[in-house]
Amino acid sequence: MVINNFAFIGVLLLGAIGFALAPLLVVFLVAPRKKSRSKLDTYECGVLTFGETWVRFRIQYYIFALMFVLFDIETVFLYPWAVGYAGFGVFALVEMIVFLAILFVGLLYAWLKGVLKWA
Amino acid sequence: MLVVIGILIKILVVVGITQGAVAYMILLERKVAAYSQDRIGPNRCGSNLVLPGGFRLNLPFGLLQPIADGAKMILKEDVIPSYVEKPLYILAPAISIIAAMIGFAVIPFGPVGTQAPSGVNFQIAPGVDIGIVYVFAIGSLAVYGVILGGWASNNKYSFLGGLRSSAQLISYEIPLGMSILGMVLLAGSLDLNTIVNYQDGHGLWLTRWLGLPAWGVFVQPIGCLLFIISAFAETNRLPFDLPEAEQELVGGYHTEYSAMKFGMFFLGEYLHVITVSYLTVILFFGGWDAPFLNQIQSDWFSGLLKALVLLVKVGLMVFFMMWVRWTIPRFRYDQLMDLAWKALIPIALVNLVATAAIVELLRSSH
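Read top to bottom, the protein sequences are chains S and L.
For what it's worth, our numbering labels the leading residue of the first sequence as 91, then goes sequentially.
For what it's worth, our numbering labels the leading residue of the second sequence as 1019, then goes sequentially.
In isolation and in its complexed conformation, chain L is listed as follows (with noise of 0.2 Å):
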């Protein structure tokens, strides 16, 4: 019982923080956007409020804006098109959301196992040892809301935005499974969990010596780099925003959505974003790993102060993602599917054997 009720606070206080996280992430990617072309952003909304009694808040940087864009979300017209596959038409957006959140279930958000405070783990479903192989597998679900949501809407714009979507997020699937083999090979586990504490470890012989962590990004950055490539393109970011491509295609899959499915969709994707962030963070920059932090304390302070080491660096992640958005313009579909065929995919085999010659190599000079 108390394992069943323990789970649910889990999942309530995760469902609220992601959720939370993504209303504050809109407003950020807008500040981002703004401060990069030198605008200011949205910055009323919060600011000369009179509270009940006489009292003025003001608050900066529009912080209540994301309270009135779900508001909005809420309160505009649903509109249905009367050509569209209704049933397929509503059921798009709620699989890209649902495959979004289920996808959380086997990331840590701090410590887990021998290193958890009283027993509790961060993680909402602990002990499922695929870990990664999961992520992966629901994570190519999302696939099928952008795809339905295409093809339902009955419209040109949707259509060629579902196919164009649905080659690349294939495409780019494969990148993204062979550029963590590497980790997976060194740390001998898919759980991610058993890949913080790799990181936090061992290590090879040559980042050893130069003193530095074993981090993913270290002792495997052909493998880093090509993960953040491919995740670009899995969660549709500029540079890979084909399936949108304001400019050619409107709106691409969600063209004919408004109001709140419109709303699911963009809170998928945003959820996709923390999802994709997260595990770059634990498979390639340490997870919890700083250099100040205890590894084998499992008190409440140290395993709180682990969680916030990963958001922190989470955050981070997130605002690589926008940064590189105002920086980088898309690419043309050609070149897009060149990138994952001709470059990403050969590369990854490559640097897989390299990485399992090496780590053999290592272990028959010892």
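With the rest of the complex left out, here is chain S (with noise of 0.2 Å):
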């Protein structure tokens, strides 16, 4: 019987399910429950919250989520690149340097552009 490697993870994932699950059980069977009206009320040290709490936010934590996308692809690609490098000779070498030559004058560009900078 032939059993895919990746059932083993699986397996593992069932398992780390129902790790999961089994303390939140055991904490309702348990637990004692005493309800009060301030108890549930939002925790900001004590001051009564004012306002939507889902405030608007930054554009910036947009804009560096757009680049790691970029970023993260290009990590993607070469990780088969540089498994397979051995076999490809300098002809790999300098697909690669051009093909990271391009993405680093996309970050340069973005780095003097000013959109790396937190202010």
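There may be inaccurate statements among the hints.
[Said to hold, decoys possible] Calculated cross-link-like contacts (lysine-lysine; reagent style DSSO-like; alpha-carbon spacing at most 30 Å): (1) L:Lys1094 <-> S:Lys129; (2) S:Lys207 <-> L:Lys1174; (3) S:Lys129 <-> L:Lys1174; (4) L:Lys1104 <-> L:Lys1090; (5) S:Lys129 <-> L:Lys1104.
[Claimed, not checked] Derived DEER-like restraints, expressed as beta-carbon distance ranges: (6) S:Ala97 <-> L:Ile1108: 25 to 33 Å; (7) L:Ala1361 <-> S:Trp144: 13 to 21 Å; (8) S:Trp208 <-> L:Val1022: 48 to 56 Å; (9) S:Phe194 <-> L:Ile1376: 18 to 26 Å; (10) L:Tyr1162 <-> S:Ser126: 37 to 45 Å; (11) S:Phe147 <-> L:Tyr1053: 17 to 25 Å; (12) S:Ile153 <-> L:Ser1065: 50 to 58 Å.
[To be verified] Away from chain S, derived, C-beta distances all over 10 Å, residues of chain L: (13) Tyr1042; (14) Glu1047; (15) Leu1075; (16) Asp1087; (17) Asn1172; (18) Pro1231; (19) Pro1239; (20) Ile1246; (21) Val1342; (22) Ala1374.
What the hints contain is simulated information worked out from the structure, not anything from laboratory work.
Virtual Cβ for every residue (Gly too), placed ideally from N, Cα, C.
Join the two chains, each given in its own frame, into one complex according to the hints.
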């Protein structure tokens, strides 16, 4: 019987889900419950919260997320290249330098445009 | 059938050991913190025990403290504030612990493959050849626990903590992924076991000349440094603990969590520390390679000895992470982002190109 290597991960996943649910169940059965109004309030150092909680936030978080997508995909491309590097020779080296240079120029552009500045 | 029983036993052993390790890591963390600040730390639990039958037991260093901590987590009231998004609020700690646990699947705890004693691999899922990519993919799932927890809490502190954390984790994921590319390139594989075997053997010209082993820290010193820095940020350890930042955000994303749900975030975080320490040792400190060990032997004694060597190295790495916590103060947020984007990523790129060029040069000169 051949078992797919990834099946082991599936078994571990089931175990992990069980492990995450068990303590919640135990606490549900064992822990005391005494509700009171102020206990269930939002905790902000004893001061009543005012205004919306889910406030508008800086656009920069979004820009960094965009940059992340770009560079993460780049990294994913680099993995197979690194694994197969031994078989390709100078060609692979030059190709990858060109690829990285283009991306580096992109990073430099973002840098000079002030996107990376957190002010 | 035997395979299934074997895998279940392995999972039980690994989970048992890591949970025990986490419990005692928390004690160790408190002890390291205490001695760094010239205090003694927890020393009561376990001292002056009176066992049934009149036996007296005196355990030093508060060795039973983890049991007291665990009991407290279970017996405390589990408050769910009335303003939270309940499904997500409960899901968040579960995600963080599940992601931390399944990351272990491909990490070798000892010899695997031809070195494995009686064919028993010290790894939950042997033969998953994408190894390191899997660990990173699962590791980045942990972000969801933090973000969902911060958002669902409906609390400004939690929300800010979740936002900061998301930006920090995604920023440091890039240098983390790039820093190991040099090692992947040298070993020619993503499989962690192959990478350890590489470090046992060949090495570059310079390390051979100096008589050093081909450990990642010697053949890829810059990659090693980048990896360790990014790993600190990925596990939210000080000096990168901005998602929590007690002095500014109370507790950050877990401000509204109590009892066991808080404990699960805690557990997830420490499991992550163990995973990262294992990765650091396997990628850059030779894994189970030690000068006095013959790597070709595959009997049970040498197998267990290798697992022990790996465990000791991981323990030292964990201690190092705790030590740094009490040595370096927290970064400011703009410094944190600058470090990732303006220093670590460009250095990682240059390091990768330099490594590739040197490998090519050495090959063509032969």
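Against the structure, the hints come out as follows:
no.: 1; hint: L:Lys1094 <-> S:Lys129; result: holds, 14 Å
no.: 2; hint: S:Lys207 <-> L:Lys1174; result: holds, 24 Å
no.: 3; hint: S:Lys129 <-> L:Lys1174; result: holds, 17 Å
no.: 4; hint: L:Lys1104 <-> L:Lys1090; result: holds, 23 Å
no.: 5; hint: S:Lys129 <-> L:Lys1104; result: holds, 16 Å
no.: 6; hint: S:Ala97 <-> L:Ile1108: 25 to 33 Å; result: holds, 29 Å
no.: 7; hint: L:Ala1361 <-> S:Trp144: 13 to 21 Å; result: violated, 33 Å
no.: 8; hint: S:Trp208 <-> L:Val1022: 48 to 56 Å; result: holds, 51 Å
no.: 9; hint: S:Phe194 <-> L:Ile1376: 18 to 26 Å; result: holds, 19 Å
no.: 10; hint: L:Tyr1162 <-> S:Ser126: 37 to 45 Å; result: violated, 32 Å
no.: 11; hint: S:Phe147 <-> L:Tyr1053: 17 to 25 Å; result: violated, 40 Å
no.: 12; hint: S:Ile153 <-> L:Ser1065: 50 to 58 Å; result: holds, 55 Å
no.: 13; hint: Tyr1042; result: holds, 18 Å
no.: 14; hint: Glu1047; result: holds, 21 Å
no.: 15; hint: Leu1075; result: holds, 27 Å
no.: 16; hint: Asp1087; result: holds, 13 Å
no.: 17; hint: Asn1172; result: violated, 5 Å
no.: 18; hint: Pro1231; result: holds, 21 Å
no.: 19; hint: Pro1239; result: holds, 18 Å
no.: 20; hint: Ile1246; result: holds, 18 Å
no.: 21; hint: Val1342; result: holds, 24 Å
no.: 22; hint: Ala1374; result: violated, 5 Å
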